[in-house]
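**Student:** The primary structure of each chain is shown beneath.
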Amino acid sequence: MASVEVRDVKKRFGAAAIIDGVSIDITDGEFVVLVGPSGCGKSTLLRMIAGLESISGGEIRIAERVVNDVPPKQRDIAMVFQNYALYPHMTVRANMGFSLDLQRAPKAKIEERVDRAAQILGLSHLLDRFPRQLSGGQRQRVAMGRAIVRDPQLFLFDEPLSNLDAKLRVTMRAEIKELHQKLGTTMIYVTHDQIEAMTMADKIVVMREGVVEQIGAPLDLYDTPANQFVAGFIGSPAMNFLEGTITPAGFALGQGIVLPLQTRAAKTGPAVYGVRPEHLRLDPKGVPVEVVVVEPTGAETHVVARIAGQDINCVLRERLAIAPGDRLTVAPDAGIEHLFDAVTGARLN
Amino acid sequence: MAFFSMLGARDPGATPLPRLFARGGLALVIGAYTIYTLGPFLWLATMSVRTTGEISLDHYAWPSPFHWEQFRIAWVDSNFATYFWNSTLVVVGAVAVVTLVGAAAAHALARYRFKGNRLIYAVLFSSIIFPPQITLISLYQILVDYNLYNSLLGLTLVYISLQLPLTVYLLEGFFARIPQDLFDAAKMDGYGDIEIFRRIVLPIGMPAIATTLILNFIQLWNEFLFAVVLITDPDKRTLPIGIRAFMGDHFQDIGMIAAGVMISVVPVILAYIFFSEKLIRGMTAGAVK
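Residue numbers (the numbering used here), protein chains in the order written: chain A, 1 to 349; chain B, 1 to 289.
If you're looking for bench data, these hints aren't it; they were derived computationally from the structure. Each hint should be verified, as a subset may be incorrect.
As the list claims (entries may be wrong) - Listed below are the simulated DSS-like cross-link pairs for lysine-lysine, each with C-alpha atoms no more than 27 Å apart in a straight line:
no.: 1; chain 1: B; residue 1: Lys187; chain 2: A; residue 2: Lys10
no.: 2; chain 1: A; residue 1: Lys107; chain 2: B; residue 2: Lys187
no.: 3; chain 1: A; residue 1: Lys10; chain 2: A; residue 2: Lys203
What the hints assert, rightly or not - Take a look, some chain A residues computed to stay more than 10 Å from chain B by CB distance:
no.: 4; residue: Pro88
no.: 5; residue: Arg113
no.: 6; residue: His180
no.: 7; residue: Val211
no.: 8; residue: Pro218
no.: 9; residue: Gly232
no.: 10; residue: Ala238
no.: 11; residue: Glu318
Since the structure is predicted, the reported quantities are computational estimates derived from the model, not experimental observations. Using N, Cα and C, we set each Cβ at its ideal position, and we do this for glycine too.
Starting from the given sequences, assemble the full structure and let the hints guide the process.
**Tutor:** Encoded structure:
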């Protein structure tokens, strides 16, 4: 196991800054997820930790050792790639044992490690097959097995579930989490899928355009996002944002509609009111909305509604016999509204 | 695929009779094409065991008797053993160097970002466009200047220079499609650059390497122009020049020419049989997902 410290790390390609002064502290045995939209620099940062990309500025420490100029093979880390990166000309057994073979480890030790990893991942019956004879999920398990066999002090995952179908992704998500619980090794996991981040991480790092927007536990990010970007990125369906003005009477949306505010805002004036779809409920005393689209999922009813000329999503527990054009009255749950600066997007409450 | 479906050969919904016609039609086309390509070779094979006199009487007759001694005459009395050895030495040497250097160069061009990468690629590509004959005079002069004229080493070097650009070009295209993740994984596993080339690129690129290997082998084994210009000593002749010895100004020993060609064609067939599976995989790589 190892701690990882990323201190003011920068990555430039010519004049373009891909990573711009990122700092993250990862403690021993922590499962950290780097999440953000495509092009935010999360994979580049992971590759810099792996040693596959050079560092333009700052410092990376693994187990308190500065590794800026240490080649990948000397960092004692293992990485699982999006495309599995299995050697197609080698069997599963050879793929899993090859790094140890290269280190000239005794055969008995290699066999013991491969068998143990295969047992953990349920691959024992597939050891003599070639990667082309495996399904996507099995290949991904072999890729993880290859990493486990090395018994590294740090695991890196670069969008490992992106190529799998939705159902298999859910299964593999649980398997990776279980693997982390079994091994207790520090893991850094990159994904653009916030559900993966929320369900797997001890700590989430939300990135945008090469900078860290917020670091925190999944539920902290969900409950108190630092800004409008994080608020919109974390949570599914995404948070609703309504433009209006903070006044002493509440949040004025226009057309005479004022939402009551139960938290104090740092200032009054133009702002954005955020509320999660699942935090809206039917309430006769709430504000009137016009139904635009109804999407029953069985467990819930998703409703797209219009309020003061702005669309919002509502996730309601009730099964409703409603149609587009109908009118409902909805209210947010008490005390969980989010207020953001209309210009900077910074949190105001 | 369109051809098969046109014939209805793979159409599971087709009725038995049309399917029978479709299969018959397909067999007819394949049979006709086989006769078209194999016919001349079989004719040559029959001529190789007939004397020139017999061939003159009836071009297409079946051999009777079989003059197997023609192969002995060619091999022993007409120096074909020497020509065969010379060809083997030159072609195997050139193909080995071209394959190894070509694969390494292709890997470097496909994988490493360095200044001038695309310029080198463009220069190599331009040398493929021009016909190789235009280099004949300059190569001749260079070989004379370096005392390599009329030597098997000189001819080997020329063959390497002729085949290297196309080899690099073909392999670069294949190697560039090997996913970068595989190289990153290899680095994480502890491979160095040489190890990555030897243990990852070469095995994965084997279908493409086998393709270039066999194409180069066939091309050089049959090469005549450069060999006839750059080799004058009878003891240093390669097989294609050796066969020419049976052609006089007034008389051509057709039977012996056929026997000589049959001898020269054996290694090509063996090479093809040995590498054919990989050759087909290399040629169709990327065509089927």
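**Student:** Each hint should be assessed against the structure and marked as holding or not.
**Tutor:** Cross-check of the supplied hints:
no. : hint                   : in the structure
1   : B/Lys187 with A/Lys10  : holds (22 Å)
2   : A/Lys107 with B/Lys187 : holds (22 Å)
3   : A/Lys10 with A/Lys203  : holds (22 Å)
4   : Pro88                  : violated (6 Å)
5   : Arg113                 : holds (14 Å)
6   : His180                 : holds (19 Å)
7   : Val211                 : holds (25 Å)
8   : Pro218                 : holds (28 Å)
9   : Gly232                 : holds (31 Å)
10  : Ala238                 : holds (31 Å)
11  : Glu318                 : holds (47 Å)
Comparing the model with each numbered hint stated earlier shows that hint 4 is the single one that does not hold.
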